[in-house]
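Trainee: Here's the letter readout for the chains.
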Amino acid sequence: MQNKVLVVGAGGAGLVAAIHAHDNGSEVIIFTKDYPTRSQTSMAQGGINAVLKHSCNDSVDDHIANTLKSAHGIADEEQIRKLCSEAPESVEWLDNIGVQFSRTKEGKIAHRRLGGASGDRACYAQDYTGLKMLHTLYDQVLSRNIEIKNERFLLDILLDEDKNACGVSVLNKRDSEVENYYGSSVILATGGYARIYNKHSTNAVGSSGDGIACAIRAGARVSDMEFVQFHPTALKNSSILISESARGAGGHLLNSKGERFVDELKPRDEVARAIHNEMNKGEDIFLDIRHLGEAFIDAELPQERKLAKLYEDVDPVVDLIPIKPVAHYTMGGIEVDQNSQTIVKGLFACGECANHRVHGANRLGGNSLLELVVFGREAGLSASNHAKKTKEYEQTNHKQTNDLLTQIKTFANELNFYEIREALGDLFYEKVGISREKKSLQESLTQVESYLSRLDLMGVSDGSKVYNTNLIEFLEFKNMLELSALVLKGALSRQESRGAHYRSDFCDEDKAFAKHTIVDINGVVE
Amino acid sequence: MNIQIQRETLVQYSVPEVEGSTLLEVLNHIKTKLDPSLTFSSGCRSSVCGSCSMRVNEKEVLACSYKVKDGDVISPLKNVEVIRDLVVNMDKAYAFNSLSKAWINKSSTTPDVSQEEEKLNEVQSDCILCGSCYSACPVYAVNDEFKGPFSLTRVYKYVSDVRDADVKEKIDVIQNTGIWDCTLCNECTMVCPQDISSKADIEKLRMKSTQYGYMDPNFGSFGGGLDFL
Chain A
15 MQNKVLVVGA GGAGLVAAIH AHDNGSEVII FTKDYPTRSQ TSMAQGGINA
65 VLKHSCNDSV DDHIANTLKS AHGIADEEQI RKLCSEAPES VEWLDNIGVQ
115 FSRTKEGKIA HRRLGGASGD RACYAQDYTG LKMLHTLYDQ VLSRNIEIKN
165 ERFLLDILLD EDKNACGVSV LNKRDSEVEN YYGSSVILAT GGYARIYNKH
215 STNAVGSSGD GIACAIRAGA RVSDMEFVQF HPTALKNSSI LISESARGAG
265 GHLLNSKGER FVDELKPRDE VARAIHNEMN KGEDIFLDIR HLGEAFIDAE
315 LPQERKLAKL YEDVDPVVDL IPIKPVAHYT MGGIEVDQNS QTIVKGLFAC
365 GECANHRVHG ANRLGGNSLL ELVVFGREAG LSASNHAKKT KEYEQTNHKQ
415 TNDLLTQIKT FANELNFYEI REALGDLFYE KVGISREKKS LQESLTQVES
465 YLSRLDLMGV SDGSKVYNTN LIEFLEFKNM LELSALVLKG ALSRQESRGA
515 HYRSDFCDED KAFAKHTIVD INGVVE
Chain B
187 MNIQIQRETL VQYSVPEVEG STLLEVLNHI KTKLDPSLTF SSGCRSSVCG
237 SCSMRVNEKE VLACSYKVKD GDVISPLKNV EVIRDLVVNM DKAYAFNSLS
287 KAWINKSSTT PDVSQEEEKL NEVQSDCILC GSCYSACPVY AVNDEFKGPF
337 SLTRVYKYVS DVRDADVKEK IDVIQNTGIW DCTLCNECTM VCPQDISSKA
387 DIEKLRMKST QYGYMDPNFG SFGGGLDFL
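Here the protein sequences come in this chain order: A and B.
Going by my numbering, the letters in the first sequence line up with residues 15 to 540, in that order.
Going by my numbering, the letters in the second sequence line up with residues 187 to 415, in that order.
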């Protein structure tokens with residue numbers, strides 16, 4: 015028995031999976047392209063949804079109903095039921111391991127309101143919820159002495175002769191050596207792909223969908239890639255996130271005339287679209303939280319004040335905050351079953367890179383931190399149980415080679431891929447953003463396919479073997495380009511409007527499209 | 187505008203002056219338009235992931251929050267191995283979290299936490315592990331096994347947490363190459379982007395340690411301090 019589980023990605027989902035696989039008796043190795051605490055999870059601000067024993071005027075059924083409604087008919091009700099009913103124990107677990115939740119006067123975990131929720135449901139730690147969760151999870155991983163391989167970039171999933179996952183191939187960033195690691199189960203927890211939108215995204219620079227691109231190459235399916243959530247309130251100049259909790263606490267959205275134009279607590283797709291429409295009329299849009307008062311802002315929203323001052327040069331206590339909607343979260347991802355396993359045996363996925371069908375066409379605020387705990391645990395346990403009953407893989411049989419790095423060395427490097435990466439982001443923001451239509455989607459797909467065909471004219475000019483970020487960024491760019499084509503194909507074929515996917519040429523939801531867009535390496539499956 | 191970056195040698199770059207540009211924006215400009223071999227780390231661009239800590243004119247900053255000025259000299263963090271240009275190897279520094287056993291010893295039931303108790307370590311739990319304090323700490327010049335500012339702040343975070351069922355293990359482990367090796371110079375506090383004072387946390391851990399029967403070993407060598415009289 016080998017009983018080894020490899021976890022790729024060390025954000026919240028990966029760490030939760032690693033902890034549970036370890037506690038279930040498996041040997042676990044975690045791989046991250048940076049260091050665990052540098053993950054995207056650190057940027058989550060608002061909170062984690064959970065109806066707790068002391069919740070007032072709220073219930074698990076309400077949580078389920080709100081999540082289902084926001085998903086616009088393409089979520090799996092059973093999965094949502096699991097998500098919401100396991101939320102209380104998930105938050106109790108986080109409390110037990112030391113996450114610094116904000117408290118009520120009675121010493122209970124405090125709740126706040128987020129968009130699309132019928133009650134105050136998000137548990138939070140000021141506006142540093144993700145940061146404090148991530149670091150606490152990291153400490154728990156250290157307490158178990160789980161091995162962490164830092165600064166390893168995922169190149170490919172290794173497959174055995176039966177096309178089952180048997181390991182991972184990673185590039186050690188420090189010396190550019192390719193390293194193969196073998197295990198009976200591989201868990202992908204590599205995050206989303208909103209960085210396709212480049213500077214028009216709240217995301218960290220590493221959100222390039224590496225795991226999703228690798229999963230497709232390994233034979234897995236992905237789904238609903240066209241559903242990209244735009245967060246209504248990012249800082250206008252830097253696209254840095256201002257938490258939904260600012261609106262949850264009573265913050266207003268104003269146009270240039272100082273008028274409110276939308277119920278600020280609607281789900282993100284509706285609020286983002288309302289802002290988009292105002293902006294198209296030439297309005298500048300502002301978030302106004304001045305009336306909440308300095309004491310409240312410093313106690314509950316300290317990070318928002320800091321970010322607004324630092325990156326927009328405004329103080330929310332006395333100034334309006336200039337905002338715009340930008341790409342924030344990708345609902346699409348790797349198709350998984352009830353055990354978080356893909357159709358590739360031994361390959362599991364959780365977190366933003368997976369599609370557990372709980373967000374559907376539009377994720378609710380506070381459900382992504384919840385998802386990473388509930389399905390991180392499920393993936394960890396499933397992968398561990400799978401590893402326990404799988405016989406040791408004979409590494410000497412392994413024949414898979416990776417030619418990509420050798421190929422890249424021959425690339426002409428005539429075109430600066432950084433310029434194309436920026437152009438791709440601008441193209442997506444303009445034509446594959448909040449409002450889409452056939453002609454511009456087709457033009458965008460032609461453009462992306464043209465970029466893909468010219469990859470060999472791009473390439474890497476830095477020849478160093480030591481920490482070659484030029485090479486890593488090119489590999490990330492290639493992954494993003496591959497996923498861009500899938501986003502576009504999904505958006506083109508979905509001739510309706512649903513949740514975050516809005517088609518100006520098909521403005522209404524169409525029952526005929528109340529289904530998932532499923533794709534594998536050969537094209538559309540369903 | 188000209189800035190200099192400590193690579194294998196000090197290299198000067200001319201970049202357009204844009205009002206309010208962060209250092210990270212300037213580094214990205216150089217990498218994507220002038221010199222793709224320039225090597226640095228970045229992540230969130232919003233001061234919360236701790237990736238882009240480096241030094242400007244000898245002082246630790248996050249590149250994503252520092253507003254760059256003509257003539258600035260950029261160099262990597264100190265007290266850590268430089269891998270390339272501004273990228274350093276944090277493995278050894280982060281390992282001090284494990285050596286300090288900086289995690290909760292879980293209780294079978296989780297007690298409520300009052301708002302006052304929550305405030306005891308709210309600031310300490312804002313730490314982003316950027317390593318600025320570690321770089322600024324002068325102790326490493328003479329003692330490379332010092333558990334160091336961020337790890338000791340992390341220990342304090344849990345020691346002060348009412349949910350921790352047993353803090354003695356942590357108190358025991360920070361006696362050697364830990365809290366008593368700090369010179370209380372306060373350099374860590376001066377550079378922390380999250381307004382954490384590891385120096386103050388170390389002082390609180392010293393007080394806590396005396397409750398567990400530990401004494402300042404430096405003090406002991408002076409015969410219990412009476413020699414001063």
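It should be emphasised that the hints constitute simulated quantities derived from the structure, not laboratory data.
Treat the hints with care, as some may be off.
Stated by the list, open to error - Taking lysine-lysine and the DSS-like style, the derived pairs with C-alpha atoms no more than 30 Å apart in a straight line are:
(1) B/354 with A/122
(2) B/255 with A/67
(3) B/245 with A/323
(4) A/250 with A/119
(5) B/305 with A/119
(6) A/250 with B/217
(7) A/250 with B/255
(8) A/479 with B/217
(9) A/96 with B/292
(10) B/245 with B/390
(11) A/503 with A/83
(12) B/264 with A/479
(13) A/320 with B/292
(14) A/213 with B/255
(15) A/213 with B/245
(16) A/163 with A/323
(17) A/492 with A/163
(18) A/323 with B/264
(19) A/213 with B/217
(20) B/354 with A/323
(21) A/453 with A/250
(22) A/119 with B/292
(23) B/287 with A/122
(24) B/390 with B/354
(25) A/163 with B/292
(26) B/217 with A/163
(27) A/320 with B/354
What the hints assert, rightly or not - Pulled from the structure, derived: some chain A residues nowhere near chain B, Cβ distances all over 10 Å:
(28) 54
(29) 153
(30) 288
(31) 537
(32) 539
Said to hold, decoys possible - If you want the footprint, here are the derived chain B segments under chain A, 3+ residues with CB under 8 Å:
(33) 312-321
(34) 328-339
Virtual Cβ for every residue (Gly too), placed ideally from N, Cα, C.
Trainee: Indicate, hint by hint, whether the structure satisfies it.
Mentor: Consistency of the hints with the structure:
no.: 1; hint: B/354 with A/122; result: 26 Å, holds
no.: 2; hint: B/255 with A/67; result: 53 Å, violated
no.: 3; hint: B/245 with A/323; result: 22 Å, holds
no.: 4; hint: A/250 with A/119; result: 36 Å, violated
no.: 5; hint: B/305 with A/119; result: 13 Å, holds
no.: 6; hint: A/250 with B/217; result: 24 Å, holds
no.: 7; hint: A/250 with B/255; result: 23 Å, holds
no.: 8; hint: A/479 with B/217; result: 17 Å, holds
no.: 9; hint: A/96 with B/292; result: 26 Å, holds
no.: 10; hint: B/245 with B/390; result: 26 Å, holds
no.: 11; hint: A/503 with A/83; result: 26 Å, holds
no.: 12; hint: B/264 with A/479; result: 23 Å, holds
no.: 13; hint: A/320 with B/292; result: 33 Å, violated
no.: 14; hint: A/213 with B/255; result: 23 Å, holds
no.: 15; hint: A/213 with B/245; result: 28 Å, holds
no.: 16; hint: A/163 with A/323; result: 36 Å, violated
no.: 17; hint: A/492 with A/163; result: 23 Å, holds
no.: 18; hint: A/323 with B/264; result: 29 Å, holds
no.: 19; hint: A/213 with B/217; result: 16 Å, holds
no.: 20; hint: B/354 with A/323; result: 41 Å, violated
no.: 21; hint: A/453 with A/250; result: 28 Å, holds
no.: 22; hint: A/119 with B/292; result: 24 Å, holds
no.: 23; hint: B/287 with A/122; result: 27 Å, holds
no.: 24; hint: B/390 with B/354; result: 15 Å, holds
no.: 25; hint: A/163 with B/292; result: 26 Å, holds
no.: 26; hint: B/217 with A/163; result: 27 Å, holds
no.: 27; hint: A/320 with B/354; result: 36 Å, violated
no.: 28; hint: 54; result: 8 Å, violated
no.: 29; hint: 153; result: 4 Å, violated
no.: 30; hint: 288; result: 25 Å, holds
no.: 31; hint: 537; result: 33 Å, holds
no.: 32; hint: 539; result: 34 Å, holds
no.: 33; hint: 312-321; result: holds (count 4)
no.: 34; hint: 328-339; result: violated (count 0)
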